[in-house]
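Asks: Keeping the supplied structure of chain A fixed, place chain B upon it in accordance with the hints.
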Amino acid sequence: MTTLINPTPVPAPGNPVEPFLRSDRMPHIWCPGCGIGTTVNCFAQALIESKINLKTLALVSGIGCTGRVAGYVKLDSFHTTHGRAIPFATGMKMANPNLNVVVYSGDGDLSAIGGNHLIHAARRNVDLKVICVNNLIYAMTGGQTAPTTPGHATTSTSPYGTFEPAFNLPHLVEAAGAVYVARWTTFHVKQLARSIAEAFNKKGFSFIEVISPCPTLYQRRNKLGDGLDTMKYYKEKSKTKHGCPTSELGLTLSGEIIVGKFVDRDRPDYGSLLKAQMHESLGDKYVDYDEEQGYACGEDGGCEEDSCH
Amino acid sequence: MKADPRGVLTGTHFMDGDHACCEGALAAGARFAAGYPITPSTEVVERFAQRVPVVGGCFIQMEDELAASIALQGGVWAGAKAFTVTSGPGFSLMMEHIGYAVMTETPCVFVDVQRGGPSTGLPTLPAQADMMQARWGSHGDYEIIALVPNSPQECFDLTIQAFNFSEEFRVPVMFMMDEVVGHMTEKVVIPPADQIEVTPRKHTHKSVEDYLAYGTNGDMVPEMVHAGEGYKFHVTGLTHDERGYPNMTPKVQHKLVNRLVDKIRSAEDRICLYEEDSTDDADVVVVSYGITSRVAQRAIDMARADGLRVGKLRLITAWPFPAKKIKELATHVKAFVMPELNLGQMVRELERAAGGKAKTLLVPHAGGSVHQPEEILAAIQEAVR
Chain A
1 MTTLINPTPV PAPGNPVEPF LRSDRMPHIW CPGCGIGTTV NCFAQALIES KINLKTLALV
61 SGIGCTGRVA GYVKLDSFHT THGRAIPFAT GMKMANPNLN VVVYSGDGDL SAIGGNHLIH
121 AARRNVDLKV ICVNNLIYAM TGGQTAPTTP GHATTSTSPY GTFEPAFNLP HLVEAAGAVY
181 VARWTTFHVK QLARSIAEAF NKKGFSFIEV ISPCPTLYQR RNKLGDGLDT MKYYKEKSKT
241 KHGCPTSELG LTLSGEIIVG KFVDRDRPDY GSLLKAQMHE SLGDKYVDYD EEQGYACGED
301 GGCEEDSCH
Chain B
1 MKADPRGVLT GTHFMDGDHA CCEGALAAGA RFAAGYPITP STEVVERFAQ RVPVVGGCFI
61 QMEDELAASI ALQGGVWAGA KAFTVTSGPG FSLMMEHIGY AVMTETPCVF VDVQRGGPST
121 GLPTLPAQAD MMQARWGSHG DYEIIALVPN SPQECFDLTI QAFNFSEEFR VPVMFMMDEV
181 VGHMTEKVVI PPADQIEVTP RKHTHKSVED YLAYGTNGDM VPEMVHAGEG YKFHVTGLTH
241 DERGYPNMTP KVQHKLVNRL VDKIRSAEDR ICLYEEDSTD DADVVVVSYG ITSRVAQRAI
301 DMARADGLRV GKLRLITAWP FPAKKIKELA THVKAFVMPE LNLGQMVREL ERAAGGKAKT
361 LLVPHAGGSV HQPEEILAAI QEAVR
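If you read the protein sequences in the order shown, they are chains A and B.
When the first sequence is numbered by my numbering, its final residue is 309 and no position is left out of the sequence of numbers.
When the second sequence is numbered by my numbering, its final residue is 385 and no position is left out of the sequence of numbers.
Next up, chain A with everything else stripped away, as it sits in the complex:
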């Protein structure tokens, strides 16, 4: 069983996730029944559970409904451009390897416009924790077809039904090289929080897909009910199959959703490979850049000793 430890004192009876949120930014923009807020709650629970150092945790989002997560978490948070959260996060991790970098974005952002970056970061095994909220649609712009939209679903740009084959994201990132791949729905709050906490302890490219409702645009347009109906669907049609071959994880409009942890393997991450190669080729001449942080500030840069380095 997990022990709840609040990193900062919370006046009773506050919600335990409150210290992780920017309450001065509430109310948030998400619709009633949207699953993104639920995933943020799970993320906050995972922060509590994993006792991770919040000071060195940075969160990077792209654009879209899920892209707004960066604005609501009380962390060093970066709301970047559409599709480019992963390369931004890659740059952060390289310039300061002591940072824990989380990428939190949507399916359209990460797998369509950002698809190239997704596979290359997985290939390099950059030490990033990617949380992909997959609502099967472009929600922020009004419900257009995404690379994840299942066949026959109706969207604003597929008024006669989607016929493009969809990406199976766990399969894609496993093939590209991710070391940790899991999928849950917003019904599986405990499992999701546990998975995120587990990914924090994993070095390398970790990918957690969260199937999440968009009652306003996806469920409504496809006559799949409201948020509550979707929770019932997730409950009834989800099957936990840890270790299931990712090739079997394709999604359909109203069929089974296989959830679980599918990949948990070890291979050296980008930073370790880089250093190993430099040590091998350059020997003592190599200057380990971990120790060089904060150079941009100069000697009188104002950063305190323990904060900048």
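Derived by calculation from the structure, the hints in this document are not laboratory data.
Glycine residues also receive a C-beta, built at the ideal position from the N, C-alpha and C atoms.
One or more of the hints may lead you astray.
[Stated by the list, open to error] Calculated lysine to aspartate or glutamate pairs in the EDC-like style (CA-CA distance at most 16 Å, straight line):
#1 A/K55 to B/E209
#2 B/K325 to B/D277
#3 B/K206 to B/E223
#4 A/K74 to B/D277
#5 B/K357 to B/D283
#6 B/K359 to B/E328
[As the list claims (entries may be wrong)] Simulated restraints on C-beta separations:
#7 B/A49 to A/N15: 45 to 55 Å
#8 B/E242 to A/K232: 38 to 48 Å
#9 B/V208 to A/E256: 23 to 33 Å
#10 A/V189 to B/D64: 29 to 39 Å
#11 B/F14 to A/Y286: 19 to 29 Å
#12 A/P245 to B/Q61: 26 to 36 Å
#13 A/D264 to B/K251: 22 to 32 Å
[As the list claims (entries may be wrong)] Residues from chain B that face chain A, not an exhaustive set, calculated with beta carbons under 8 Å:
#14 R31
#15 V54
#16 Q61
#17 E63
#18 D64
#19 G75
#20 A78
#21 A80
#22 W136
#23 Y231
#24 K232
#25 T236
#26 Y245
Replies: Just chain B now, kept in the frame of chain A:
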């Protein structure tokens, strides 16, 4: 502050502009670069990839220019000085992230070694046809700084200047080289580190409680912090208030965009660098920049040998455009002659600044080679008539 000696290759070298640009970046303190190969710019990052591991930094070759131009900004927010290097087609792909750097006030340098276009154009041959793109290529209203070197020595010196401007004003600086300057090999003198002035990051001294990510103290450039320092700050490309929080109202937009523009415009006198010669009694002033200025010099010398009163104004800063200087010259010269390796880009600014007080003659060239001095001389002769 003075440059970190580890990054400074003090000595007299025989090197090309691309390599000198890399040495300038290292001397300026750049310890992170993200790039994508593209002719004729790649040598800059090739050298960086070789040099930076022994200086204390790292390089990554990204999957495309979209990635390179945002990875470098992640690096900056993690504490590094960073840059990327490209040429025309890659520069086109980077436009969105120039806008992001402007909006988020991320200090960084974009090096564009210009080649002929449009599209794939002339990969191995020169042009100066990205000059307007450097200024206006990203959407929205903004100001950037662009510097134009005309020699390998300036590729070194002005790259340091580009980093220094970027840190001082928290603005992306465009470093507008061209294929000839990039591949031309000449003497490059790199001074000792203690003779190189480097502008440090404008890092806050404020406590977490007192700090506002986009708060200003009268000088229009906010103080910065980095990820991992405990400030728990927010950065967004959306219109934002002083806390860095999204606030999409006309009032906040007005305040923010005006400040982003004014912080550069109000410092134009300091940012606008140029080289001026014999303009006092000139009938004609040749205004040029980059590699074209070296051909122009030959034409000016030829014209003077013929007894023509010709002055020279070489732009080192292209953006912001030194309009004040042009206005002043326009009151006492007959005409300006401007050769460019394009069909008329900076000449529009020249015309605007001259305000009809002096005529302007363009010596156009679609790129692929440099001008012949005689073409410029002919324009000078026409201008004095």
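Asks: If a hint holds in the structure, say so; if it doesn't, say that too.
Replies: Against the structure, the hints:
no.	hint	in the structure
1	A/K55 to B/E209	15 Å, holds
2	B/K325 to B/D277	13 Å, holds
3	B/K206 to B/E223	9 Å, holds
4	A/K74 to B/D277	56 Å, violated
5	B/K357 to B/D283	13 Å, holds
6	B/K359 to B/E328	14 Å, holds
7	B/A49 to A/N15: 45 to 55 Å	48 Å, holds
8	B/E242 to A/K232: 38 to 48 Å	45 Å, holds
9	B/V208 to A/E256: 23 to 33 Å	48 Å, violated
10	A/V189 to B/D64: 29 to 39 Å	37 Å, holds
11	B/F14 to A/Y286: 19 to 29 Å	27 Å, holds
12	A/P245 to B/Q61: 26 to 36 Å	33 Å, holds
13	A/D264 to B/K251: 22 to 32 Å	50 Å, violated
14	R31	6 Å, holds
15	V54	5 Å, holds
16	Q61	10 Å, violated
17	E63	4 Å, holds
18	D64	6 Å, holds
19	G75	4 Å, holds
20	A78	4 Å, holds
21	A80	4 Å, holds
22	W136	18 Å, violated
23	Y231	7 Å, holds
24	K232	5 Å, holds
25	T236	4 Å, holds
26	Y245	6 Å, holds
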